[in-house]
Amino acid sequence: MSNDLRTAFGVALEGSHAEPEPASSSRGRRPVGAPPSKDTQLAIAIRQLVDRGDMEQARDLFSGLVEAHQRRASRIAYQYLRDASEADEAVQDAFVKVFAHISSYREAWPFEVWFTRILINGCLDRRKARARRDRWVVPAGDTGGPDDPRMAAGPSEASPEARVLARERRARLAAAIDRLDGRQRTVFMLCHYGDHTPREVSAMTGLNESTVRVHLFRAARKLRGLLGGTP
Amino acid sequence: MKNRGHHLEEERLFDSYLAVRGGQILDPPVAEHLTDCDACGERYAELTQFMESLNAEARVEADAIFTPERLRVQRQQITRKLEHLGHPARVITFPGRAARPYVGSSASRPGRRWIAAAAAAGLFVGVGTGFFFDWERAPGRRTGGVMARQTVLTAPAGRVAGEIEFARPDPSDEIRAFLTELELAGEKPRIQVLSAVDALTPHVREINLR
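Sequences listed follow chains A and B, in order.
Sequential numbering of the first sequence, starting at 16, is according to this note's numbering.
Sequential numbering of the second sequence, starting at 1384, is according to this note's numbering.
Errors might be hidden in some of the hints.
List time: in silico DSS-like cross-link candidates among lysine-lysine, alpha-carbon distance up to 27 Å [to be verified]:
{"no.": "1", "chain 1": "A", "residue 1": "53", "chain 2": "A", "residue 2": "112"}
{"no.": "2", "chain 1": "A", "residue 1": "143", "chain 2": "A", "residue 2": "237"}
{"no.": "3", "chain 1": "B", "residue 1": "1464", "chain 2": "A", "residue 2": "143"}
{"no.": "4", "chain 1": "B", "residue 1": "1464", "chain 2": "A", "residue 2": "112"}
{"no.": "5", "chain 1": "A", "residue 1": "53", "chain 2": "B", "residue 2": "1464"}
{"no.": "6", "chain 1": "A", "residue 1": "112", "chain 2": "A", "residue 2": "143"}
What the hints contain is simulated information worked out from the structure, not anything from laboratory work.
The task is simple: from the sequences and hints, build the whole structure.
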């Protein structure tokens, strides 16, 4: 089971060098004549500023993009990595990479799609690196620290029993998602945790939109089977 | 619309769920079927509930970890990294204060370099002058010493020329001569600092007296 989006989907998803597909393909693109989204317009403005050498103003504008996307990005990265610190680093790296390569951004793709692609490639690289590391390192025991996802609980789950139940539920869900096929998992995460439409996921992964829907459906069916209908 | 025994297929239900989630309007025939067929309506509700609960669970979990404070710190770190983007790497100075005098002692400050050169020159001139005056003051002693040494090596009379055989002096005599020479040389020590050591050292004549 391959975790790598680049190999799993047979497309070049080089984070910082992500180039839009040829004009013949309309997957994941905004409809002809539709105005670019606010974020895309902002990214174009930042690119122009960087090209002019006005880095300070470009950074100021970019902080707006960071604020708009960081929560969703953190959620996606966390679901991929299941480690808060590593997810934090992955998000930071993705934003820095985006800014460093903003000159190569083309408005044919919405900014969100471009950014998410870079983020996911970074997460996949980290997963691979971790898998290599885990071959040699014996994992330490449960720390139970504040970053431990199993310790995290919503504000409504105040009682210890509720916390324990939530922890078990999340562990079960994480294990079930981990058992998904690489493509299914990626598509599922992007759709359900990243709040992307199948069309956007199609643009990110290079898969046909109908293929994305099939993967989503299979992922959901498998999860229902593994979790017994309830997460 | 594909029906299987007058019920919607799972895939169709899932597509409907995705359409609604994406803000699209549900296909009118599907919407009509879901309203009319209780079983399909129930299946659709179950599917929606399952998917939404997955989503909600993930949101709650991530939001509990990525609090507003944590996100603020994350933004700060991103800003800091962006500020250093494109800047060449800089050399960080060694933090210890104690290292400073050593680092720039003679190499970096020309004034100190001059002082060091003057001190070396003064030392050289002083040693040279001291040597010269001592040499002038006690020439006889040195020559006397050399002459005394020359007496040790004597050729016996009556030997044929070419068959010169150097006398093998008695080792004790040789040692004594050497020590005497040392003593003569050290009678007036050239280095004042060593005079104290010299005073403590027993002389050959004292040993002989014993």
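Right, here's what the structure says about each hint:
no.: 1; hint: 53/A x 112/A; result: holds, 20 Å
no.: 2; hint: 143/A x 237/A; result: holds, 24 Å
no.: 3; hint: 1464/B x 143/A; result: holds, 24 Å
no.: 4; hint: 1464/B x 112/A; result: holds, 10 Å
no.: 5; hint: 53/A x 1464/B; result: holds, 25 Å
no.: 6; hint: 112/A x 143/A; result: holds, 19 Å
In summary, this structure violates none of the numbered hints.
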